[in-house]
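Going down the list, the protein sequences come from chains B and P.
Mapping to my numbering: the first sequence position 38 is 886, numbers consecutive.
Mapping to my numbering: the second sequence position 252 is 253, numbers consecutive.
Just so you know, the hints here were simulated from the structure itself, not pulled from any lab data.
The structure displayed is predicted, hence computed values, not measured ones.
One or more hints might be untrue.
Calculated cross-link-like contacts (lysine-lysine; reagent style BS3-like; alpha-carbon spacing at most 27 Å) [as the list claims (entries may be wrong)]: (1) B/879 with P/151; (2) P/6 with P/41; (3) B/859 with P/157; (4) P/151 with B/854; (5) B/859 with P/167; (6) P/282 with B/879; (7) B/854 with P/157; (8) B/859 with P/151; (9) P/64 with P/101.
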Amino acid sequence: MENRVKLTFDKTVTRLAGYSYGEQIYLNQVKNKVDFNNKVYIEFPDQIVKAASSFVQGFFNEMINEHGLSSIGTKIEIVSDNPDLIESICTNLV
Amino acid sequence: MFETKLLLVNNILDSTKIEFKNGFAHYQDSSRNFDHKTVKRIIEFVNTLYGNPSYCNETVMFKFTNEVLFRDKLVIIVFECICRDLLNSGHKVYLKMKVKSDICTEGYESSPLKYLCVGKKYNPDEFNAKFQSDLYRAHYRRIFDREAGKTDILSKTFDDLISFQKPFNIDPKYSEIVSEVIVELIGNSGEHANSDCLIDIDIAPDYKKYNEQGKFLGMNIAILNFSDRLLGDALRKKILYSEKLNFRDLMVKGAYSFHKEAFDREYMEEDFFNMAAFQHKISGRGNNSSTGGTGLTKLIRSLQEKSDADYCYMLSGYRGLIFYPNYLKYNQDDWLGFNNNNDFFNELPDYDNVICRSEVYIPGTAYNLNFTMKVGG
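Can you make the complete structure from the sequences, with help from the hints?
Put into structure tokens, the structure is as follows:
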């Protein structure tokens, strides 16, 4: 079975913001839900078109501290049909 | 709760004589410019009132004998805060003023101050309601709780702000940037200053320029939080006293060693840490995160690139930074020098153009971002 988690948000939300909110989403929906010893897939729902830097920083903080920035996109893959979202995540991580 | 009281208690100035006329504690001002100096005089008056128990139920009349020109929307909002504090303290408040409009201050029309003006519209309950929240045509006002960043409120606000801008034919890429700047600043208030945050946006459509074809609009964004923490406080504490600094933090510490030799009344330690707070990947967050400090200046820079004119600044305490576009350019290593050579480490900032002083102590942080931009169609 794929080591994958699909994030869920309120259906009215299309853009994500807030450092603590990002941390909460990671803690509640990702941490301990996937095995970071293997490749991880984190899927954002189609409704999400953008992530502000505060959300990105909070969401990825622990993952980067534990696995390194280079793990994002390699060992930890972000899945979304929305290229703008992927771009906003990448831009806000560097 | 939005702590307007902090503005008054942090500006205990000289007492002034309170004049009583027709049953009112009278403040009279003949200035034509309503700016930070005016606010300072008003605060002196209000604190004198507060300082005397026998004045505790007095009705206040603010009378401006000449047509006034507000310096900018932030000054209007600070005056609103003072009026709100008076009302919350049990005083009735009346205004008598005529206001001159220009592109920077058309926001007076949307200000709840008009509900305190002498006349048929006088309605202090409506003033309080509109101070807290307003969404009408080209005006957006909301006060966000300090906990907003912990829930999806900021995310929903991000979408709300984009919807708010839609009717004005603004380039969607621009409205995304504006919305992102605002939600990031709201988040900063809650996270770093542990305070509620007031956001106010005015859009003035249908501007024309005498020297350029096309349609323009003006946008003014004011963002204000009152807190016992100034913008650079957390970063200063981290850089100077923390033993766990990452590589970029250590570089700021190194820059501090250079800059501190030049600190004087024109360029102060506070200014250094205000500039440092806007550096890429620098954050007052104490967790030594490698993901912090990446948003703000790039966003402000993006806004300025898209607009034709600008007047953007921030204040915290008595000090402030002017977001002068020529100096908001990252060098190849992603540092901002705030000077002609864009060198943060070996050159002092161009403090005549970049650093400003406030007559009034702002407890917390205040931004005034003003843009004129071309619109489609």
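Status of the hints after comparison with the structure:
1. B/879 with P/151: holds (17 Å)
2. P/6 with P/41: Since the Cα atoms of residue 6 of chain P and residue 41 of chain P sit roughly 15 Å apart, the hinted pair holds (cutoff 27 Å).
3. B/859 with P/157: holds (10 Å)
4. P/151 with B/854: Cα-Cα ~20 Å, so holds.
5. B/859 with P/167: holds (21 Å)
6. P/282 with B/879: Roughly 25 Å between the alpha carbons, so the hint for residue 282 of chain P and residue 879 of chain B holds.
7. B/854 with P/157: holds (20 Å)
8. B/859 with P/151: holds (18 Å)
9. P/64 with P/101: holds (15 Å)
When the structure is compared with the earlier hints, no violation turns up for any of them.
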